[in-house]
Amino acid sequence: MLVDVTQTVVDGLMVGGLYTTVALGITLVFGITGILNFAQGQLVMLGAYVAYFAAANGLGFWAGLGLAMLAMGALGLALERTLFRHTLGDPMAGLTVSLGLIMVIENLSAAAFTPDSRTLDPPLPGSIHLGALTFPSQRLLVLALAVLLVTAFRLFLQRTRYGKAIRAMGQNRIGAALAGIRISDVTSAVFIAGSALAGAAGVLYASLFAISPYMGATPLMKGFILTALGGLGSVPGAIAAGFLLGLAETFGSRYLSASFRDGYGFMVLIVTLLFFPNGLWGRRGKVRV
Amino acid sequence: MRRWALALRLLLLLPFALPGASAWADTVKLGLVGSTTGPHSGFDLPANEGVRMAVAELNGKGGIKVGGKSYTFQLVEEDAQSKPDFAASAAQRVLQDDDVHVVFGILTSGPGMAAATAFQRAKVLYVGGFTLMDTLLGKPGAELMFRALDADAVVAKPFIQASLQALPIKSIAIVLPNEDVSHEIANLYKPLLESAGVKVVATEFFQPDTTDYAPVLRKFQNQGIDGMLIGTTDPQAEAIVRQSVELGNLPRVFLYRGGSSAPALKYAHDITGFTWQILTRDLQASDDPSLADWKRRYEAFTHKQVSSQTYWALTFYDAVFMVADAMQKVGSVTDVKAIAAQLKGPRYQGVRTVGFDRDGRALSDFDVGILRDGKVSVVRATVQ
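Protein chains in written order, with the working numbering: chain A, 143 to 431; chain B, 6 to 389.
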């Protein structure tokens, strides 16, 4: 029983790590711009395809990961400069633009890549045995990479000048501007970082699961649950919520019914919001990054 | 004034004087509704290609002759967009053309049920392919409906026989997405497996959009289970096979209620065996020489290579020829009741062997694919 529970914990943390990587981008963009970017799931999908084609062309998984982060960061910057910049101050317009982007990106991808699903060969096939415990190597690698990305992102926010500027903007946009922070540059940086994280999440997804032009919906939905669960705009909240959701879904599916998988996440969300109406790390009337 | 009137008359008569004018005048319009966009397009895009190819081939031979007149075929196409509401709208748009009396298309149940309701109401002859169509067939009002793919009830027994002959197992777990169709599949397969001497140890349904199957599969670890009956799409099946191999201590024999070897080929040397059911023809593994010519024509027509999903292109391909044949035999291109009755006649020997029972259910031979010891073979299963 203990073996089984331990394996399930690792499974849950791995899934939670993936969810967190997606949610961080969403919560960061929301915390700074007030825009709920629904197209984040499509960036996850495009990141997965970048890694797939990188691997198909012999570049390998690691180059694919780097390329996906770079490509999605660049795309995030382009989207911010051409579309989202014009919707700042009007969250509804930003939301509408992101909904439109879903249709455009999804259908263009289906036309370009075909709707057929594809799989990426994992860089670490096989399993690792620790006594009675068996862990698929790739799952452990994904968990490690997710933790690494989340930690690096957290350090970026806490330790770097840009990170401090982002946090300052999250607290008070006008105050940050008055203190000399270049609002437009920081907004661009937020989109680049959030999109690069989405690209990385796509590569991690692709190394475990099938990819298709329509794969963006699930990570996006989880990302939004986490954004609400953690507290809108709260990075520590998104991290805690990601792992909590992953564990809830995995334990529910393992020991109760697997046909109710999403339901466990929503139950956690409802119960949390009953006791913490602003989410786990939310603050009344404020957003935190 | 008189000159103007003459010119107008000549202008109106011009189309009939042009070469090929008779074809322009005498056209049979066939509706084609399918999800060419959205997540279901992987099924309907190749299925639509098959219909277009059949129509092109019929027209290339000069069309059909009915009552002394020559007719060619023209398709009226609409996209169901993988969504029931869009499928209903697409059906309505096709039906707005009063000349459409026969409609083909849709392989997935959500959009299919919505569109079929519209076709039923409009009393057009509809040849579909989706699984839940079986719940409509045989009921009052569905006399003009046909399902071009065999029902599970028709396929299950020969599939189990062929699978167990190739891969003997004593115990099995059924792992399917939590959908109406899956519950029907489980209810159908469980007694058939048990009557074949295989103990069904567990039946587990998972959320349909699941990607991580570890929590489901861990339920079967170290349970001494020999095999798994899995479904229902290639991505789901491949994820289950792959994750079973990665997690370890899980069955290595898979009976796939789906139509291609794609989910297992990558893991051929990590698993003991994998069987699948191709409700049309296995275009990749079969060595049937009669398929070679069709594959060549398909590649020339679509400018695409045959892939693991191309078998869907055969869903309606023969049915188009059957409808054309029936129109000639009954001497009408619009009498859908007579055409429907004719379709329920003897089996049609095309690329597939296709027949329909009196309810419009397909009774067609199908292929069972077997992957064993890393080698693929195909067995033709005959349906009576």
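Honestly, the hints are just simulated from the structure, not real lab data.
There could be a bad hint or two in this list.
Said to hold, decoys possible - Calculated lysine to aspartate or glutamate pairs in the DMTMM-like style (CA-CA distance at most 20 Å, straight line):
| hint | chain 1 | residue 1 | chain 2 | residue 2 |
| --- | --- | --- | --- | --- |
| 1 | B | Lys-342 | B | Asp-362 |
| 2 | B | Lys-144 | B | Glu-209 |
| 3 | B | Lys-70 | B | Asp-330 |
| 4 | B | Lys-309 | A | Asp-404 |
| 5 | B | Lys-342 | B | Asp-364 |
| 6 | B | Lys-271 | A | Asp-258 |
| 7 | B | Lys-162 | B | Asp-104 |
| 8 | B | Lys-380 | B | Asp-298 |
| 9 | B | Lys-88 | A | Asp-263 |
| 10 | B | Lys-128 | B | Asp-378 |
| 11 | B | Lys-271 | A | Asp-263 |
| 12 | B | Lys-224 | A | Asp-146 |
| 13 | B | Lys-175 | B | Glu-304 |
| 14 | B | Lys-66 | B | Asp-298 |
| 15 | B | Lys-309 | B | Glu-62 |
| 16 | B | Lys-224 | A | Asp-404 |
| 17 | B | Lys-34 | B | Asp-104 |
| 18 | B | Lys-175 | B | Asp-214 |
Hint check results:
1. B:Lys-342 <-> B:Asp-362: holds, 15 Å
2. B:Lys-144 <-> B:Glu-209: The given pair, whose Cα atoms are some 31 Å apart, is violated under the 20 Å limit.
3. B:Lys-70 <-> B:Asp-330: Given pair Lys-70 of chain B, Asp-330 of chain B holds - Cα atoms ~10 Å apart, limit 20 Å.
4. B:Lys-309 <-> A:Asp-404: Roughly 39 Å separates the two Cα atoms, so the pair is violated.
5. B:Lys-342 <-> B:Asp-364: Distance ~13 Å between Lys-342 of chain B and Asp-364 of chain B Cα, so the pair holds.
6. B:Lys-271 <-> A:Asp-258: holds, 16 Å
7. B:Lys-162 <-> B:Asp-104: violated, 41 Å
8. B:Lys-380 <-> B:Asp-298: Violated - the C-alpha atoms of Asp-298 of chain B and Lys-380 of chain B are around 24 Å apart, more than 20 Å.
9. B:Lys-88 <-> A:Asp-263: violated, 32 Å
10. B:Lys-128 <-> B:Asp-378: violated, 51 Å
11. B:Lys-271 <-> A:Asp-263: Status holds; Cα separation ~9 Å.
12. B:Lys-224 <-> A:Asp-146: With Cα atoms ~9 Å apart, Lys-224 of chain B and Asp-146 of chain A stay inside 20 Å; holds.
13. B:Lys-175 <-> B:Glu-304: Not satisfied, since the Cα-Cα distance of roughly 43 Å exceeds 20 Å.
14. B:Lys-66 <-> B:Asp-298: Answer holds: Lys-66 of chain B to Asp-298 of chain B is near 17 Å, not above 20 Å.
15. B:Lys-309 <-> B:Glu-62: holds, 17 Å
16. B:Lys-224 <-> A:Asp-404: holds, 19 Å
17. B:Lys-34 <-> B:Asp-104: holds, 6 Å
18. B:Lys-175 <-> B:Asp-214: violated, 30 Å
Taken one by one, the earlier hints fail for this structure at numbers 2, 4, 7, 8, 9, 10, 13 and 18, listed in ascending order.
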